[in-house]
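Generate the whole structure from the sequences, applying the supplied hints.
Chains A and B, in that order, are what the protein sequence lines are. Take the first sequence: its position 157, counting from 1, is numbered 157 in my numbering, and each next residue is one higher. Take the second sequence: its position 210, counting from 1, is numbered 210 in my numbering, and each next residue is one higher.
Just to be clear, a hint being listed does not mean it is correct.
Unchecked claim - Dumping the calculated EDC-like pairs for lysine to aspartate or glutamate here, alpha-carbon to alpha-carbon at most 20 Å:
(1) A:Lys185 to A:Glu246
(2) A:Lys312 to A:Glu250
(3) B:Lys3 to A:Asp32
(4) B:Lys4 to A:Asp90
(5) B:Lys23 to A:Glu320
(6) B:Lys171 to A:Asp90
(7) B:Lys55 to A:Glu363
(8) B:Lys23 to A:Glu328
(9) A:Lys183 to A:Glu301
(10) B:Lys129 to B:Asp223
(11) B:Lys23 to A:Asp324
To be verified - Now the stretches of chain A that chain B is said to cover, found in silico as 3 or more residues with beta-carbon under 8 Å:
(12) 32–43
(13) 159–171
(14) 359–369
Please keep in mind that the hints were generated in silico from the structure rather than gathered at the bench. For every residue, glycine included, the Cβ atom is placed at its ideal position computed from N, Cα and C.
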Amino acid sequence: MSLNPLEHKGVPIERQKFTWRELAGPTYSKTDIDAFTRVRVILMNGIESEALRFSHACARMNRALQLPLARVRRIEQHQQTLVNWLNPGDQSVLETTIGFEQVAIEVTASVAQNEPDPYMAAVYRFGMLEDFDHLYRYAALMDRVEGKDANTIVQSYSDIRPGRPTEIEHRAPDDDLREPYDKAKADPLTKLNALTIMAAEHQTHDYYMNVGPTFTDPVARQLYAEIASIEEQHVTQYESTIDPSESWLEKWLLHETGEVYNYWCCAEQESHPRIKQVWERFLDYELGQLHYVMDLMKQIERRDPAELLPAKLPKPIRFESQRDFVRETLRQELEVSARGTQLVPRHEEGKGSIAYRNQLNSEGVPSNIVAEGYRWSPGTELNGRPAVMEAKP
Amino acid sequence: MSKKPTDLGHNRSGIATSPLEAKRAIEGASEGVPDDTVSQEAAALENMRLDYSRKAEPLGSIPPPATVKGKAKTAMHLLKGERPTVFIDMLGARLGFERTGVRLYEALLVKLEASHSKTGGPTRAELEKIRDDELRHFHMLEGIMEKLGADPTALTPSANTQALSSEGIVKVLAEPGTTLTQALQAILTVELADNDAWDMLVDLAEELGHKDMVEQFEQALLDEEEHLQQVRGWLRQALHAQAAGSSAQAEMHNL
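As structure tokens, this is what we get:
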């Protein structure tokens, strides 16, 4: 059931409170939850981490907004903590990484299908096929370095197979920017989608940058370095799709609306009772934050925020396997690349990107090295390796 | 009655969770990587590891002697063998292991307190005794290292890699969701490793002619052998009792 964010005022920010005990509450079970619960936890951590990132950037540029931003940001800090701390300590960094890539595949695929603007939808499909390849490379790493099956995390919802090879995803910055939507004409869902995917990719980038050096294996260290670089490209791509002429307050308002939308999507589809309560509670918190920012907009910009917001929340992100859509995209768009802000057939790629990539790849390509000849198989590829029988005397 | 990790539940990590999705996932993987390109050799990965390994610097080193003036001579005299640093490294490793051991047993005491089953497993006093043994061993090694002019607060290379190996064990003990039995399984690996390590230290001390130390190390080894037997026993009892279905049954069979 949809929700009108203008009518529902949620919990006023003065009443949004936490304790340390709540922030570090019980975790989920990595083996027993549905993979899409993990997907939602990872996504919402990304949404909250973007809330903080934006809020700090905004504060640095707007003295008058510093206090209201600080008030809301402190709540968001604790929301992010509570959400991120749902991840259990027995989930390894690599297992969490597999979860991150599942988010990038399944959420982006759903967003691509919901997206009303065809150019933006193509951009999402473009990025999705690249993240799809990352899942395969990390699965190979997990299998070949740790002897573990990545499907224990993705639970058969996502295919583990090559996408657009990571090796050729490396492009010069000149080919990473996209055209922004027009704030006056864009559908509200277009704006929310752009924020959601940018947030998810940004946290993925930051996560890989933090955890990459925690590995001892040189192949793992190189692979994280390589994929983190693609995530940096993705952040560059997605942030450029957002109209830079939106005012700071307009951007803040959209961030809060996006947070309302994402928590609402999660709350509507969550199967885990305790975690559903988290989404519902934070949906109410976000509504309170949204109305706080709406009031600020009225006071400071003398604008009616209702003109910028949808009367009801748009079509939700579908937290379910997008296998058929992903496969179809793989069939149709594997050979797509980018030139300037446009997506083009691979043979039309710019020389700059080719030179850039050749340089980076000149001493070997970790994503190829780790996955050379790799095919995922239930229970790891060792399942297919015959046991060596003891030699008879 | 609270849930146990051995209860049937909703574990979704296996391929059998969703036969339909699994079939499609397998088909997708096969379609994505044609038969003639599949290889389990992972030779490129091995080559990269080899290349890095050949060029890698060691993770650390033995710190220079930390003796104050006047003691340096004694220390030099005491350090025997061509490469006394090997002995220092082993002492440092044991010291670190025993020190962590104290913390592991403290965590195990919490597990015991939180555990539902009070039958057959360790008593508080038994665990406290082991904890105290570990602490005593730690102090003994501290004294020996000081006597040899080595800094017992330094993290020697072997102490470092041993701690790296133990990271998972510390996590298992600290995780609120693990049971006493699971914690004992983790502790078993500690005790097994510790037994062999003390045995080797006795050997090394003998070889280097540190007679005074051999005696102390042999006593530590005896303590550790006892710990190992106890942990094995508790674990065996716990598993038998759980497999039999109840602690009452375990008691009945005097397991």
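Tested hints:
no.: 1; hint: A:Lys185 to A:Glu246; verdict: holds (12 Å)
no.: 2; hint: A:Lys312 to A:Glu250; verdict: holds (18 Å)
no.: 3; hint: B:Lys3 to A:Asp32; verdict: holds (13 Å)
no.: 4; hint: B:Lys4 to A:Asp90; verdict: holds (17 Å)
no.: 5; hint: B:Lys23 to A:Glu320; verdict: holds (17 Å)
no.: 6; hint: B:Lys171 to A:Asp90; verdict: holds (8 Å)
no.: 7; hint: B:Lys55 to A:Glu363; verdict: holds (15 Å)
no.: 8; hint: B:Lys23 to A:Glu328; verdict: holds (18 Å)
no.: 9; hint: A:Lys183 to A:Glu301; verdict: holds (17 Å)
no.: 10; hint: B:Lys129 to B:Asp223; verdict: holds (10 Å)
no.: 11; hint: B:Lys23 to A:Asp324; verdict: holds (14 Å)
no.: 12; hint: 32–43; verdict: holds (count 4)
no.: 13; hint: 159–171; verdict: holds (count 4)
no.: 14; hint: 359–369; verdict: holds (count 4)
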